[in-house]
Amino acid sequence: MASGPAGATTEEREVISVSGLSHAYASSGRTLLVLSEVQLQVRAGSYVALTGDSGEGKSTLLALLGGLQRAQGGELVVAGQDLRRLPSQQMARFRSRTIGFVFQHHCLVESLTALENAALAALINGVSRPEAVARARALLAQVGLLERAGHLPGRLSGGERQRVAVARAMVNRPALILADEPTGNLDERNAQRVMDLIEQLRHEYGATLLVVTHDSSLASRAATTLRLKEGRLEAA
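Going by the working numbering, the sequence shown opens with residue 669, and the numbers climb by one from there.
Derived by calculation from the structure, the hints in this document are not laboratory data. We put the beta carbon where it would ideally sit given N, CA and C, even for glycine. Be aware that a few hints might be false.
Unchecked claim - Pair ranges (Cβ atoms, derived):
hint	residue 1	residue 2	range
1	S696	D855	36 to 42 Å
2	S764	E898	29 to 35 Å
3	A806	E705	42 to 48 Å
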């Protein structure tokens, strides 16, 4: 379960707890407020969709939740870590161990095979090579790409590349999956397949899933849908 307003119950452990979160960018000598007093509580194991018009700050919010950017104001606690105060080195380790990212663009390393791409995050996280490769092979099998494990991204279709990206996101068995328009570049058939895979793996690992999407059909799959409008979260 997730809630935009403050005062949500906490009967279950919260993996995301945000209070009064604000963030701004400097643009042409002006300050552009993107997020204003955002409140968000997400319980462990929840599936939440985040919608809103382009430019409303959805990707910025996801980047803050994932520790890719530093929040400028408010409280931001993810998986028990205060991300506003976590030192940079610890932040990188936290991201690697706790969060799986799936982006609109697959962001695969073009010189690495599908298997190597899927294993990469585990290797960076200090997992032994045999274990990292074993995890990656198992995940590629789950996403239906084991027979393509030795192929470079250039030899894979768009849908296949995104499925490799899903495998890579799950290789460290994250507590939280942050997906930013994960099907934005895919046709309807591949979009549904990728989301099916993300949901299947989420259930298997007991992960929390937060998805940014413009697609109402994908948003409808979530237990909770929130909308970001004029810098604030509201029920969709």
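Evaluated hints:
| no. | hint | verdict |
| --- | --- | --- |
| 1 | S696 x D855: 36 to 42 Å | holds (38 Å) |
| 2 | S764 x E898: 29 to 35 Å | holds (34 Å) |
| 3 | A806 x E705: 42 to 48 Å | holds (43 Å) |
Of the hints listed earlier, there is not a single one the structure fails to meet.
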